[in-house]
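The residues making up each chain are set out below.
There are 2 protein chains.
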Amino acid sequence: MVVLSGGTGTPKLLRGLKELTEFAVIVNTAEDIWISGNKVCPDIDSVLYTLAGIIDEEKWWGIKGDSFRTHEMLLKLGCDEFMAIGDLDRAVHIFRSELLRKGLTLTEATKRLRKALGVEQEVLPMCDEEVETRVVTDEGDMHFQEFWVKRKGTPEVVDVYFKGIEKAKATKDVLRVLESCDFVLIGPSNPITSIMPIISVRGIKELLIDKTVVAVSPIVGSEAVSGPAGKFMRAKGFKVSPLGVAYVYKDFLDILVVDDVDRRLVGEYDGVKVVATNTIMKTAEDSKRLAEFILRFD
Amino acid sequence: MVVLSGGTGTPKLLRGLKELTEFAVIVNTAEDIWISGNKVCPDIDSVLYTLAGIIDEEKWWGIKGDSFRTHEMLLKLGCDEFMAIGDLDRAVHIFRSELLRKGLTLTEATKRLRKALGVEQEVLPMCDEEVETRVVTDEGDMHFQEFWVKRKGTPEVVDVYFKGIEKAKATKDVLRVLESCDFVLIGPSNPITSIMPIISVRGIKELLIDKTVVAVSPIVGSEAVSGPAGKFMRAKGFKVSPLGVAYVYKDFLDILVVDDVDRRLVGEYDGVKVVATNTIMKTAEDSKRLAEFILRFD
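Same order as they appear, the protein sequences are chains A and B.
Residue numbering for the first sequence follows the numbering used here, starting at 2 and increasing by one per position.
Residue numbering for the second sequence follows the numbering used here, starting at 2 and increasing by one per position.
If you are wondering where the hints come from, they were derived from the structure by calculation, not from laboratory data.
Among the clues, some could well be false.
A pair counts as met if it fits within one copy or between any two copies, since identical chains are not told apart.
Claimed, not checked - Here are the computed lysine to aspartate or glutamate pairs in the DMTMM-like style, where the Cα-Cα straight-line distance is at most 25 Å:
(1) 206 <-> 131
(2) 103 <-> 131
(3) 77 <-> 109
(4) 65 <-> 263
(5) 103 <-> 73
(6) 19 <-> 123
(7) 206 <-> 183
(8) 251 <-> 20
(9) 103 <-> 133
(10) 289 <-> 57
(11) 77 <-> 67
(12) 60 <-> 73
(13) 103 <-> 130
(14) 251 <-> 287
(15) 65 <-> 81
(16) 77 <-> 58
(17) 168 <-> 81
(18) 240 <-> 180
(19) 153 <-> 73
(20) 103 <-> 81
(21) 153 <-> 99
(22) 116 <-> 73
Bound-form chain A, shown alone:
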């Protein structure tokens, strides 16, 4: 089984899934950014921390119990480090970046990192090339992190594009895990900025067509459970609804899991089966229950 993941939503689901089955995770890297001298991979880190059992389950980023001594000192000195990087989290960024500086690929560096963190599951960057989600807004064209973290998601979104995506190709490891699985789960991550980069990497989408692909809608009713998914879907011309999510994935999707509040949508639509359950994951128990529901389709 292979899971496609962004941050927040899918990691919440992985928290439950890891108690029940084996899987590999292919992770979005288009939100990665060099900050304070080192490479931050927000989605990879959230996945790793979740699987290592050290994620901060309040924020769903960063490490539980982390301190912010360096970050606070930077602010005191007048240096605007616009993401709040924890002291332990920063060590992970340094570990990764030292390996990249030595010439390792992101895939190799991530493998070393997951072993250092004691993570058994394969965690694979979607590609080794640098891809950058750019958000075109009424206030200019900016990196996703600038839009979401620095500007708190307030500018109007006109478009989204993935800079460098034309050069990105599926890694050997990504091809291997996809070729050897039958079941692919797309977690409840942002369809536009988390999943679309993954399926836009050359070589990935073709491999999804023959699999049983199940997606969990991150849109409940007509709103995203968390994050800016709604704004981005609208900008890309999709309806902000679970069926809008199905439409983003229409080329390969078999089953869409929607929340109970959208139970009226249960049925078949152009080959996509819509099923409903409680998709809100507040506790570890919620995560496990949703994971069990999904595993019935495997």
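Using the hints, position chain B against chain A.
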């Protein structure tokens, strides 16, 4: 008044001097090194922390009361960050490096940093070019920090050289403070690895010849008060004694301050006057007393 400084010895003296008079400091940068994505300038930082009143007076590097969360996490992950960088200290390295990445010179970045730390005295890197102290040992040719921190100064030293020194030239600021002063103090820093790089920068030595130059010997008896000065002086063919120090500075030195234990050396030698006092600085009071002694020659 201008002070030439390395780490440890001269900062100890600056602790006293700053209570008594105004001065600018020209600092050795040949021990600088990029670590964990950011530029560490050990001597500049020790000078800045001393003048800001935040230096760790146990170790004479780093910030008082600092924690090592990131460093310890790196070690736990198996990443050998060979200098123990504190969390607050790391913020200073990031602040500097962010400015360098934006295209500022080290002089400009240091100016911003000293203002952010509330330091009134000018603190000037000896040059803006990268110069690197390399130690040739029986175990190979290595960066000074590798020799001193990683290998704990144990290899036999065959030679020392300053990679890149031929391209280094005195900055506008260094020329300005030197041209407008009459009195230059060379602190009790390592004559070979702290002071020799400074006086080897094109344009500096010539300006020292006409000044009253006072140096404090870091060698007491036949040993260095701290650090590897003895090993380096021997490798460079100098006697490990206060008079050996005078010989390193012979082209421009007027007065050498030696410790009371070397009082037998008091006298005149080829135009250098040797005077004696207690040069050991354990307390802030010791630093001030030595600074007062030196200021008599101004």
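Outcome of the hint check:
no. : hint        : verdict
1   : 206 <-> 131 : within (19 Å within a copy, 48 Å between copies)
2   : 103 <-> 131 : both (17 Å within a copy, 21 Å between copies)
3   : 77 <-> 109  : between (36 Å within a copy, 19 Å between copies)
4   : 65 <-> 263  : neither (33 Å within a copy, 58 Å between copies)
5   : 103 <-> 73  : between (29 Å within a copy, 21 Å between copies)
6   : 19 <-> 123  : within (12 Å within a copy, 57 Å between copies)
7   : 206 <-> 183 : within (14 Å within a copy, 74 Å between copies)
8   : 251 <-> 20  : neither (30 Å within a copy, 74 Å between copies)
9   : 103 <-> 133 : both (22 Å within a copy, 20 Å between copies)
10  : 289 <-> 57  : within (18 Å within a copy, 50 Å between copies)
11  : 77 <-> 67   : both (19 Å within a copy, 15 Å between copies)
12  : 60 <-> 73   : both (18 Å within a copy, 24 Å between copies)
13  : 103 <-> 130 : both (16 Å within a copy, 24 Å between copies)
14  : 251 <-> 287 : neither (27 Å within a copy, 78 Å between copies)
15  : 65 <-> 81   : both (23 Å within a copy, 23 Å between copies)
16  : 77 <-> 58   : between (28 Å within a copy, 22 Å between copies)
17  : 168 <-> 81  : neither (32 Å within a copy, 34 Å between copies)
18  : 240 <-> 180 : neither (32 Å within a copy, 71 Å between copies)
19  : 153 <-> 73  : within (19 Å within a copy, 32 Å between copies)
20  : 103 <-> 81  : between (28 Å within a copy, 13 Å between copies)
21  : 153 <-> 99  : between (30 Å within a copy, 23 Å between copies)
22  : 116 <-> 73  : between (30 Å within a copy, 17 Å between copies)
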